[in-house]
Amino acid sequence: MAKLGFFGLGLMGYPMARNLLRAGHEVALWSHTAAKARKLAAEENGRFCETPREAAEDAECMFLCVGDTEMSRETILGDDGIVRAARAGSIVADASTIAPSASRKIGQILKARGVDFLDAPCTGSTPGAESGTLTFMVGGHQAVFEKAKPFFEPMGKRLYYCGGPGLGLQAKLTQNLILSNILMAFNEGMVLAAKAGVDLPLMLDILENSAARSGLIAYKAPFVLRRDFHPNFSTKWMHKDTGLILQSGEELGVPLLLTGLTRQILSTALAAGLGEEDMCSTIQVLEDMAGVQVKTP
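Numbering (this note's numbering), first residue to last: 109 to 405.
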């Protein structure tokens, strides 16, 4: 079994690190919220660490799952960051969704210290993290990916090697571009159907058996109908990701017109206090405008 490090124990990171521990690995744990790291260390025989530097000292492979680009940069390159203690030949795999351009720069700094780097964002939300069935999209040198692959396996069932540095993130942002725009189309369609008086379970059955069928809709619709907005993937994180998508589009010269509007709707949802709720709670923005709710009778 390997000596690993895990940094960031939020909705996704906590069960991901737990799955590594349950697979028998020795895992050094660090989180911005120290209580989470102490709790997981006590429950699953992990090692609590005060700083990222401490957690990196003996690790042969390290995983991050933090909130945004600046958190990732600070965790890796800060005064008490991973780079201060990571040994030459070790691997840092960042499962956070951050800016591809920033990720490449982080990888270059680590490489100068002899540390290999993978961008490895994942999808599957909290249920996938809990069950160890996440999908990872990995960018970096393929030999490094092959070396790290066994350490991913307790956390995910699909591992896609997407190419060189930053391309795992580009794949993840592409996926979230499509997801976020599908979600907004679902919101509009279901609010329109509710306002017109269409039976909503019937409408969902029609969608499921038509060309409009979507795995996202099939999964999220029951939560909306029962008004359960407990976060599996929070509105604030999709808002962050659409910002990264638009930034990437600007850098690459690709106009992203629909995503620009989606970003504005997500901003409106944040202003309405929906940031900590699941992203499917964004339907409430349009419901409030239309004076109707999409719910089971």
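Simulated from the structure, these hints should not be mistaken for lab results. Among the hints, a few may not be true.
[Said to hold, decoys possible] Beta-carbon label-pair distances, calculated as ranges:
(1) 355 to 379: 18 to 24 Å
(2) 396 to 110: 18 to 24 Å
(3) 197 to 293: 46 to 52 Å
(4) 266 to 296: 40 to 46 Å
[Stated by the list, open to error] Derived lysine-lysine pairs resembling BS3-like cross-links, with alpha carbons at most 27 Å apart:
(5) 111 to 255
(6) 303 to 144
(7) 144 to 403
(8) 257 to 303
(9) 219 to 255
Where a beta carbon is used, it is the ideal one built from N, C-alpha and C, also for glycine.
Structure-based check of all given hints:
no.	hint	in the structure
1	355 to 379: 18 to 24 Å	holds (21 Å)
2	396 to 110: 18 to 24 Å	violated (50 Å)
3	197 to 293: 46 to 52 Å	holds (47 Å)
4	266 to 296: 40 to 46 Å	violated (31 Å)
5	111 to 255	holds (14 Å)
6	303 to 144	violated (44 Å)
7	144 to 403	violated (35 Å)
8	257 to 303	violated (50 Å)
9	219 to 255	holds (16 Å)
In summary, the structure is inconsistent with hints 2, 4, 6, 7 and 8 from the numbered list given earlier, while agreeing with the others.
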